[in-house]
Amino acid sequence: MKLLSLARRWETVLAAVLAIVLGTAAWLDPAFMALSTQLELSTHAVELLIVALPMTFVILSGGIDLSVGSSLALAAVIFGLSYEAGAPVWAASVLGVLTGSLCGIVNGAFIAGARVHPLIVTLATLAAYRGLAEGISLGRPISGFPDRFLAIGEGSVGGVPYSLLIAVAAVLAFALTSTRTVFGRRVYAIGSNEIAARYAGVPIARMKLWLYGIAGTVAGLAGIIHVARRNTAKADVLPQVELDVITAVVLGGTSIFGGRGSVVGTVLGVLVIHEVREFVGWRWQRDELILVVVGSILIVSVLAHNLVARRAR
Amino acid sequence: MTTRLRTLATNRLLLLGGLLAIVFLGVSVAHPGYASAQNIRDLLVQCAPVVIIGCAMTLVILTGEIDVSVGSMMGLLAAGIGILSSPERLGLPAGVVVAAVVAGGILLGGVNGMLVVAGRVPSIIVTLGMMTVLRGVTEILMGGEWITDLPASVRYLGTGEPLGLPLSIWTAMAAVVATVVVARKTPLGLHIYATGGNSTAAAMARVHVGVVRVTVFAIAGLMTAVATLVSVPQQSVIESGIGVGFELLVITAVVVGGTSISGGYGGVAGTVLAALLLANIRPALLYLDLGDRATFWERAIQGAFILAAVLSDRCRWFRRADGKAVTITTGGSP
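The listed protein sequences derive, respectively, from chains A and B.
Using the working numbering, you'd call the opening residue of the first sequence number 1 and step up by one each time.
Using the working numbering, you'd call the opening residue of the second sequence number 1 and step up by one each time.
Hints are computed from structural coordinates only; laboratory data are not their basis.
Just so you know, not all the hints are guaranteed correct.
Stated by the list, open to error - Distance windows between CB atoms, simulated:
1) S156(A) <-> G245(B): 33 to 43 Å
2) G144(A) <-> L311(B): 48 to 58 Å
3) D287(A) <-> L190(B): 25 to 35 Å
4) L141(B) <-> A91(A): 45 to 55 Å
5) G245(B) <-> A26(A): 33 to 43 Å
6) G281(A) <-> Q235(B): 24 to 34 Å
7) P283(B) <-> G139(A): 46 to 56 Å
8) A151(A) <-> N11(B): 30 to 40 Å
9) S153(B) <-> D236(A): 30 to 40 Å
10) P283(B) <-> G281(A): 37 to 47 Å
11) L165(A) <-> M204(B): 29 to 39 Å
12) P283(B) <-> R283(A): 44 to 54 Å
13) A26(A) <-> L190(B): 54 to 64 Å
14) L165(A) <-> N39(B): 33 to 43 Å
Every value quoted in this text rests on a predicted model; they were computed, and no experiment measured them.
Built from N, CA and C at the ideal position, the CB exists for glycine as well.
Let the hints inform the model, and build the full structure from the sequences given.
Below you can see the structure in the form of structure tokens.
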């Protein structure tokens, strides 16, 4: 019986999908599955993964944040410009991450304070933050960062990239927060039934401010990591990454209406998308195929999820 | 209650109309060329596809759904126009091309609707997935190439000017009139508002909410096809990047226009005014001669407009101390 309920869990289904993808890849092209290759490719998914973690919290709470990609770009541009203006690289990094925090807090203030629908607020800031990044930098790429900073993106210890270590630490932090803390329980409570949560004494407005603030902060961090990986800060980095992030979270089994889902699911969702994308790119070098496959996985998986959920009832 | 809602609606229209007048007259005073017939025509041509798809998007959002796949749909239908009509590819006559593109649009929209209704997948997810899939299919079909040899009969759809006005402007006006009539004067319009207002209540009142939803998605597909037909042949080149990001522009127009994102409240008039307002940003920046770098601020200004529209609702709230009306206009969370 326990086995049966385990089989009905979405995470199990995803793990099976991931195993099939990896198995197929190993069968078609063993070189792709070599540990060194996998570790090298893993850096491509770092930004997607770490931004997907706070997005999981936001969606679990019944909200959405379309502006993460734009916050990320603004953080990258602020980082680049302040480094160019003579700030030490650590100070510029802190400034970049704080820019992300500020972006998130502004979102949170509109959503929690003015009680405007998150889709509208973040649709506005999706345009506004990206626009600010374009306006401030005039679309100009900034590069020439010191090697010691670029090591964050390119360096590794014992073959494991630093950025992957950061991502793993972030995964652990978010996974533990979601299951072992009051904060985590409150996120689920708000998403399941906001009015009930309010009557149960959950400080809704403060929680939302935190959730969007964290989303912005992590987006800022991802922006810095992205610059370290590419050695370029530019306003148009990672266009439409917010859609990839939301796709990964939803594929991970988090309900778009909130209240149901898990960080583990999101990690699996990111891994499925990452491995499919990298393998299709590796073997066929055709980006357009990746789009079709990832989009289909999203729709089909949620369709399948509905079927599984309905039968479980 | 109805009067209050109507006051709010008129306020939003007044606000948008006022802003539009200020921007337009302000730039015209600084630079008289802005008010020239040629420039006004260019503005309207540029804004026509946003208005045409915006009409349908208003209906979709009124129903409480959303469609973020229209930009990719536009890309795929544009590729369809090229592949079907180009003499080097299939070389079909213009009439067949138009019929095929319109049918294709309705079909794609209908698939979205069926997945939402029959598959019970939330529309944001269905259309997000479709957005990616359709863009991928477009790139596969185009194979990284450009189609530059559109026949004259197809180019006419974009460049033709019956009775002195470009076809796209005529089409946009027809789309607005048709949508207003459907929304206000037909049972379908009533059912759309009812479904968006409270779908359970609507279902109990024997509204076929599923049929209504599939219909609005099909209309979105149809309007996207129409917009593609009259806008894409304006240029002589078809490539796979057509329509990227267009969905956000359209949704922005609908939201700035005052339609509630949770459905049931709003209308086409606001969408049209908002689309006109948004279409003015870039040309105004160019005309004001703030330097050729000024256009980099376009998106920031767009975002500021949405936030300003949202804030205007809050100011009204403080004046009226009427939380309910605000919840309806901005679709605030409960």
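For each hint, the structure was consulted:
Separation of S156(A) from G245(B) is about 36 Å and conforms to the stated range, judged on CB atoms against 33 to 43 Å. A hinted range of 48 to 58 Å for the beta carbons of G144(A) and L311(B) is inconsistent with their spacing of about 40 Å. The hinted window of 25 to 35 Å between D287(A) and L190(B) is violated, with their beta carbons roughly 45 Å apart. A C-beta distance of roughly 49 Å is found between L141(B) and A91(A), which places it inside the suggested range of 45 to 55 Å.
Between G245(B) and A26(A) the Cβ separation comes to about 38 Å, which falls inside the hinted range of 33 to 43 Å. Here the CB-CB span from G281(A) to Q235(B) is close to 31 Å, well matched to the stated 24 to 34 Å. Separation of P283(B) from G139(A) is about 19 Å and departs from the stated range, judged on CB atoms against 46 to 56 Å. The hinted range of 30 to 40 Å is not satisfied by A151(A) and N11(B), whose Cβ atoms lie roughly 56 Å apart.
A beta carbon spacing of about 38 Å between S153(B) and D236(A) agrees with the range 30 to 40 Å that was offered as a hint. Range check, P283(B) to G281(A): about 40 Å between beta-carbon atoms, so the 37 to 47 Å window is met. Range check, L165(A) to M204(B): about 56 Å between beta-carbon atoms, so the 29 to 39 Å window is missed. Between P283(B) and R283(A) the beta carbons are some 46 Å apart, a value that agrees with the proposed interval 44 to 54 Å.
Look at A26(A) against L190(B): about 58 Å separates their beta carbons, and that is inside 54 to 64 Å. A hinted range of 33 to 43 Å for the beta carbons of L165(A) and N39(B) is inconsistent with their spacing of about 56 Å.
Of the numbered hints listed earlier, those contradicted by the structure are 2, 3, 7, 8, 11 and 14.
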